[in-house]
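Colleague: So the sequence shown is numbered by the working numbering: it starts at 30 and just counts up by one.
I should point out that these hints are in silico values taken from the structure, not numbers from a laboratory. All figures in this text were calculated on a predicted structure; none of them were measured in a lab. Heads up, the beta-carbon is just placed ideally off N, CA and C, and yes, glycines get one too. Please note that the accuracy of each hint is not assured.
[As the list claims (entries may be wrong)] Computed beta-carbon distance windows for the label pairs: (1) G63 <-> R93: 43 to 53 Å; (2) M57 <-> F242: 13 to 23 Å; (3) D88 <-> M190: 33 to 43 Å; (4) S72 <-> F183: 29 to 39 Å; (5) A205 <-> A87: 23 to 33 Å; (6) F212 <-> Y107: 14 to 24 Å.
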Amino acid sequence: MVLSRLVFASVLFLISHLGISSTSFRQMLIERLGRNGYLAAYSIVAVLALGFMILSYADRPVSRYLWLPSPAHWWSTYVLVGLSFVLAVGAFSTKNPTSLGKEGELGTEPRGVICITRHPFQWAVVLWVVGHMTSNGDVASLIFFGTFGLVSIFGTYLMDMRMAGEQDRAWAVFAARTSNIPFGAIATGRVALRWNDLWLPTLLGLAVYVAVFVGHGWITGVGLH
């Protein structure tokens with residue numbers, strides 16, 4: 030019963046993100062509620078859906094394990110989550126046209142983590158998800174963390190479609206110089222990664238990661254191995 034509630038909560042979370050924020054339904058709501066009204070309403074729905082999902086996961090039963098986590102799984106998680114924090118911090122410390130309300134930065138030259146992927150925060154979440162799925166292995170955790178992964182991966186493509194429709198030429202120029210798939214634009218020679226642009230997000234990201242690692246038990250109620 031509790032696992033069914035988690036599935037239901039996860040579906041609601043998916044719908045609130047993929048079915049509203051990145052589709053034509055979003056524009057219809059903006060026209061009716063105004064941009065600020067839409068942002069307020071969407072934020073409330075998103076927070077409620079997230080809260081329901083977290084509470085459902087917290088009440089989960091000891092479900093079937095698809096694999097039993099080992100020290101190798103835990104160390105993989107430490108590395109993946111550490112990288113996710115670096116990428117996430119880079120998403121907010123670099124001019125990022127795909128961030129909410131930052132469309133005016135489309136004309137800027139791609140720098141830092143934007144050279145790696147034009148959706149650094151979404152891919153940071155994917156790394157975080159894979160890391161946590163690796164070190165858990167139970168069905169409930171796969172549903173919970175996997176939902177965030179689905180939202181992030183499909184969200185990048187829906188975001189690209191929305192930006193292409195709203196920004197047209199400016200987006201076409203930006204998209205031609207960057208890639209959604211990490212390192213895609215670098216591998217094809219469309220952009221050059223400047224390593225000196227990465228030292229700050231790397232240091233800040235690792236600092237935040239260490240703080241969260243140390244306080245993980247206090248923040249989530251789950252101690253680390």
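Colleague: For the range 43 to 53 Å, tell me whether the beta carbons of G63 and R93 fit it or not.
Modeller: At roughly 47 Å between Cβ atoms, R93 and G63 fall inside 43 to 53 Å, so the hint holds.
Colleague: Take the C-beta atom of D88 and the C-beta atom of M190, compute their distance, and say whether it sits inside 33 to 43 Å.
Modeller: holds, 36 Å
Colleague: Has the hinted range 13 to 23 Å been met by the Cβ atoms of M57 and F242?
Modeller: Taking Cβ atoms as reference, M57 and F242 lie about 43 Å apart, which means the hint is violated.
Colleague: Could you check the hint for me, namely that S72 and F183 are 29 to 39 Å apart, CB to CB?
Modeller: Distance hint for S72, F183 is violated at roughly 20 Å.
Colleague: Just tell me: holds or violated, for the beta carbon distance of A205 and A87 against 23 to 33 Å?
Modeller: Violated, at about 44 Å.
Colleague: Is it true that the C-beta distance of F212 to Y107 lies inside 14 to 24 Å, as the hint says?
Modeller: holds, 22 Å
Hint violations for this structure: numbers 2, 4 and 5, all remaining hints satisfied.
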